[in-house]
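Number of protein chains: 2
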Amino acid sequence: MHEQLEQALREHIRSGRLMPEARLPSSRALAAQLGISRGVVVEAYAQLTAEGYLVSGQGAPTRVAPAASAERPPVPATSLEPRRPYDFAPELPDLAGFPREQWLRCLRAALRGAPFAALGPGDTRGTSELRNELMAYLGRVRGAAPEPEHTLIGGGFAHGFAALCRVLRQRGLERVAVESPGWHVHRLVAAGAGLEPVPVPVDEQGIQVDGLAASGCEVAVLTPAHQYPTGRVLAPERRAALLEWAEDEDALIVEDDYDSELRYDRMAVGALQGLAPERVCQVGSLSLRLAPALRMGWILSPSWLTGALTYELGLSGGTPAVLDQLALTDFLARGELDRHLRRMRSRYRSRRQALVAALAQCLPEAQVEGIPAGAFAFVSLENRLDPGAIASAAAERGVAVQPAEAGRPALVLGYANLTEPAIERGIACLARAIRA
Amino acid sequence: MHEQLEQALREHIRSGRLMPEARLPSSRALAAQLGISRGVVVEAYAQLTAEGYLVSGQGAPTRVAPAASAERPPVPATSLEPRRPYDFAPELPDLAGFPREQWLRCLRAALRGAPFAALGPGDTRGTSELRNELMAYLGRVRGAAPEPEHTLIGGGFAHGFAALCRVLRQRGLERVAVESPGWHVHRLVAAGAGLEPVPVPVDEQGIQVDGLAASGCEVAVLTPAHQYPTGRVLAPERRAALLEWAEDEDALIVEDDYDSELRYDRMAVGALQGLAPERVCQVGSLSLRLAPALRMGWILSPSWLTGALTYELGLSGGTPAVLDQLALTDFLARGELDRHLRRMRSRYRSRRQALVAALAQCLPEAQVEGIPAGAFAFVSLENRLDPGAIASAAAERGVAVQPAEAGRPALVLGYANLTEPAIERGIACLARAIRA
Chain A
0 MHEQLEQALR EHIRSGRLMP EARLPSSRAL AAQLGISRGV VVEAYAQLTA EGYLVSGQGA
60 PTRVAPAASA ERPPVPATSL EPRRPYDFAP ELPDLAGFPR EQWLRCLRAA LRGAPFAALG
120 PGDTRGTSEL RNELMAYLGR VRGAAPEPEH TLIGGGFAHG FAALCRVLRQ RGLERVAVES
180 PGWHVHRLVA AGAGLEPVPV PVDEQGIQVD GLAASGCEVA VLTPAHQYPT GRVLAPERRA
240 ALLEWAEDED ALIVEDDYDS ELRYDRMAVG ALQGLAPERV CQVGSLSLRL APALRMGWIL
300 SPSWLTGALT YELGLSGGTP AVLDQLALTD FLARGELDRH LRRMRSRYRS RRQALVAALA
360 QCLPEAQVEG IPAGAFAFVS LENRLDPGAI ASAAAERGVA VQPAEAGRPA LVLGYANLTE
420 PAIERGIACL ARAIRA
Chain B
0 MHEQLEQALR EHIRSGRLMP EARLPSSRAL AAQLGISRGV VVEAYAQLTA EGYLVSGQGA
60 PTRVAPAASA ERPPVPATSL EPRRPYDFAP ELPDLAGFPR EQWLRCLRAA LRGAPFAALG
120 PGDTRGTSEL RNELMAYLGR VRGAAPEPEH TLIGGGFAHG FAALCRVLRQ RGLERVAVES
180 PGWHVHRLVA AGAGLEPVPV PVDEQGIQVD GLAASGCEVA VLTPAHQYPT GRVLAPERRA
240 ALLEWAEDED ALIVEDDYDS ELRYDRMAVG ALQGLAPERV CQVGSLSLRL APALRMGWIL
300 SPSWLTGALT YELGLSGGTP AVLDQLALTD FLARGELDRH LRRMRSRYRS RRQALVAALA
360 QCLPEAQVEG IPAGAFAFVS LENRLDPGAI ASAAAERGVA VQPAEAGRPA LVLGYANLTE
420 PAIERGIACL ARAIRA
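In order, the protein sequence lines correspond to chains A and B.
Those letters in the first sequence? Residues 0 to 435, per numbering that gives the first Met the number 0, in order.
Those letters in the second sequence? Residues 0 to 435, per numbering that gives the first Met the number 0, in order.
Calculated from the structure, these hints are not laboratory results.
Some hints could be false.
What follows is a set of in silico ranges between Cβ atoms, one per label pair, in the way DEER data are often shown [what the hints assert, rightly or not]:
#	chain 1	residue 1	chain 2	residue 2	range
1	B	Glu404	A	Pro84	33 to 39 Å
2	B	Gln169	A	Arg174	36 to 42 Å
3	B	Ser14	A	Asp209	30 to 36 Å
4	A	Ala108	B	Gly34	34 to 40 Å
5	A	Asp209	B	Gln169	30 to 36 Å
6	A	Ala108	B	Glu148	35 to 41 Å
7	B	Glu195	A	Ser302	42 to 48 Å
8	A	Ala435	B	Glu195	55 to 61 Å
9	A	Val367	B	Ala49	30 to 36 Å
10	A	Gly387	B	Glu100	34 to 40 Å
11	A	Ser302	B	Gly34	54 to 60 Å
12	B	Gly34	A	Ala275	52 to 58 Å
Partial list, computed: chain A residues near chain B (C-beta under 8 Å) [unchecked claim]:
#	residue
13	Ala290
14	Asp323
15	Ala405
16	Gly406
Remember, predicted model here, so these are calculated numbers, not experimental data.
Glycine is no exception: its CB is placed at the ideal position from the N, C-alpha and C atoms.
Isolated chain A, as found in the complex (with noise of 0.2 Å):
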């Protein structure tokens, strides 16, 4: 009853209706004025004094606070970000196929089943169940050999790498290797850390391995499961080179498992780090495989860096909500996650088979590259052709897409967020802004 009361009146002091400064009537008044009892409406009065729309002083009327006015009306906070219908982002799931209702049920008994101690401040390296279940997950799924004490939770890949940049750069690393083309993400993050990213080739076999121990870098970082953008996988050679160059030159991996469950002609190669756990830090993240919307991710850490990086993380805060920890353990426990890549692999795969199949239709001359697996392909472009201006001219018809940093024309195109005739139409424009 209190709650309507409270409700209307701030409808009224926000829409203006009730100026700052106006009188209120007195709570026995308007108990009168509405039938009801008087404690509700000094229960209402009371609440929104607290909450700064009404001021009472000892005897005095009940007045809208002076600073409650209407006068200002909230700024819209806008986006600069242009939306357009046919965006081609390489970073994005199939966003309509977020499992919402598991989710919540997942939440649900998070937050009707957590003891009280669990909604305090909670273990920097994220709970022990969910390390439990998370550790569970990527040893059935993706080979990996994670110890419970250095399985870390964090707030997706970003927030992983960027901790891990600071911890090598407070032990005096200045340099790290990062694929070129790569992920610009990888740079700039390594660089907003102090990091000097060194850009080391790769070729149809994954990083060149030679090139990489001629850079002198001591840190990698990698997408061996598969490279973005050129979406190949690591050739079996070059992952045993790597593995030795980072044991002879005492180096680290640092592994962006960004997407390895989503593979659509076989079983994913499994993660490096299940190679060499010492030697690999694999930093992971739910982004691509559920919602980049949750913020959540993992690192498999060497033992030797797990008490550097739980500090760093512990300091730098940024680890996710300990309520949505217990819902991804829970979520994980189910199978949840399971089922959900596996529709998503099956989406994914006709969605990709539709985008190989508008460019065969409209672009004959591009090429799809790479292995059939995750959320993009890359796309080779004729050599006449200028990404660049191809991705304005596209963006122009309300097509996003990028061009791949390869050094010769080509696009990276992601399709796991679009539906089929979405990506038909968008492939169609595409080659409209093309050939204008």
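Given the coordinates of chain A, work out where chain B should sit on it, guided by the hints.
Chain B only, in chain A's frame:
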């Protein structure tokens, strides 16, 4: 073929990569994943079940047998932190008071109502809806003067303050003034970001502005509404002198506004930020207002810092999950935070009174100083006592208390997360520890 698969599965179970109780994919799913016939998988599962590695019931999923002795049993990720029945932790709100059902209602509304795009990475600064709602709240309740474009959503105090310190460090800042006595987290986070914390004395009026000026620092982090740990409010003259200092020296004040709504004698003093939005960066958090587990907070940035802070938050991640932001928006709009804080104010007031009464009875020589506010009391002890030794002796009796780093014997006693009987028993134990 099935022998190969059996072998692989067996190895995974033996090595512990597949943990006891871990759920295996269905034979159909694994067959599809591996591109082999389902019969092969069924055969392999049957063999391993016969061998005792797997268990499966009618219709139930196949799992790794509980007794499938991994050579290396899963190490429980235990915490070394002992649980003490009487934990006078100053940083905890009443965890049992967290409004679970209301929060769940908001989460449900957020999850059901969110557009698809809300499941994407979202705006680094936080959703515009939350920024607007929070801005209205802080203006109304805290007298802050936030602007929508300079209100940023972060992952709690440490997250926001760490990002701010990194930005300042990148701009060449080397030192930051901190209160002495003060909150150790200010010093640790600043040092973690490469800034030298410079202690400036705090007396009964709050920070000594003369000392601050003499320090030569250009940035100071302060708790003006309720100094930690002394429990005092910054005196009006000091407040004026502080803002004058900031103006004269072209300096920045970081306002740690951690508990200002929790005042039990009168309305809290308004936020410093409201007086000088371009000189004060307010970093706030829901930890004490709602629950540390939420890991949510905000930064009211001076306009000249917003761009750099947004970039840093984007690069280093750790901003809260978008769904949690949507839930908080709804929670604020329904007036739930105000309602919760009203309830907590009356509860904490009683608990504080119980603490004061218990101290008067069991430790009459102890003095409670500071204003009746927040979640802790500053308790000064007789000069001959050693607070460190008292804390150790109390810990053995199941009582956790923190020595105050105040230059004289004192304790910081948090009371918000303890019931009144627990407070009485805890203080009785503490008194026995002191006498012993």
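Verification of the hints:
1. Glu404(B) / Pro84(A): 33 to 39 Å: Violated, since Glu404(B) and Pro84(A) (Cβ atoms, about 59 Å apart) do not stay within the stated range.
2. Gln169(B) / Arg174(A): 36 to 42 Å: Cβ of Gln169(B) to Cβ of Arg174(A): about 18 Å, so the range 36 to 42 Å is violated.
3. Ser14(B) / Asp209(A): 30 to 36 Å: Since Ser14(B) and Asp209(A) have Cβ atoms about 32 Å apart, the given range 30 to 36 Å holds.
4. Ala108(A) / Gly34(B): 34 to 40 Å: 36 Å, holds
5. Asp209(A) / Gln169(B): 30 to 36 Å: 35 Å, holds
6. Ala108(A) / Glu148(B): 35 to 41 Å: 38 Å, holds
7. Glu195(B) / Ser302(A): 42 to 48 Å: At roughly 31 Å between Cβ atoms, Ser302(A) and Glu195(B) fall outside 42 to 48 Å, so the hint is violated.
8. Ala435(A) / Glu195(B): 55 to 61 Å: 58 Å, holds
9. Val367(A) / Ala49(B): 30 to 36 Å: 45 Å, violated
10. Gly387(A) / Glu100(B): 34 to 40 Å: 53 Å, violated
11. Ser302(A) / Gly34(B): 54 to 60 Å: Once the Cβ atoms are compared, 36 Å apart, the range 54 to 60 Å for Gly34(B) and Ser302(A) is violated.
12. Gly34(B) / Ala275(A): 52 to 58 Å: 28 Å, violated
13. Ala290: Hint holds; Ala290(A) Cβ to chain B Cβ min 4 Å, cut 8 Å.
14. Asp323: 6 Å, holds
15. Ala405: With a minimum Cβ separation of about 24 Å from chain B (threshold 8 Å), the hint on Ala405(A) is violated.
16. Gly406: 26 Å, violated
Of the numbered hints given earlier, the model fails hints 1, 2, 7, 9, 10, 11, 12, 15, 16; all others are met.
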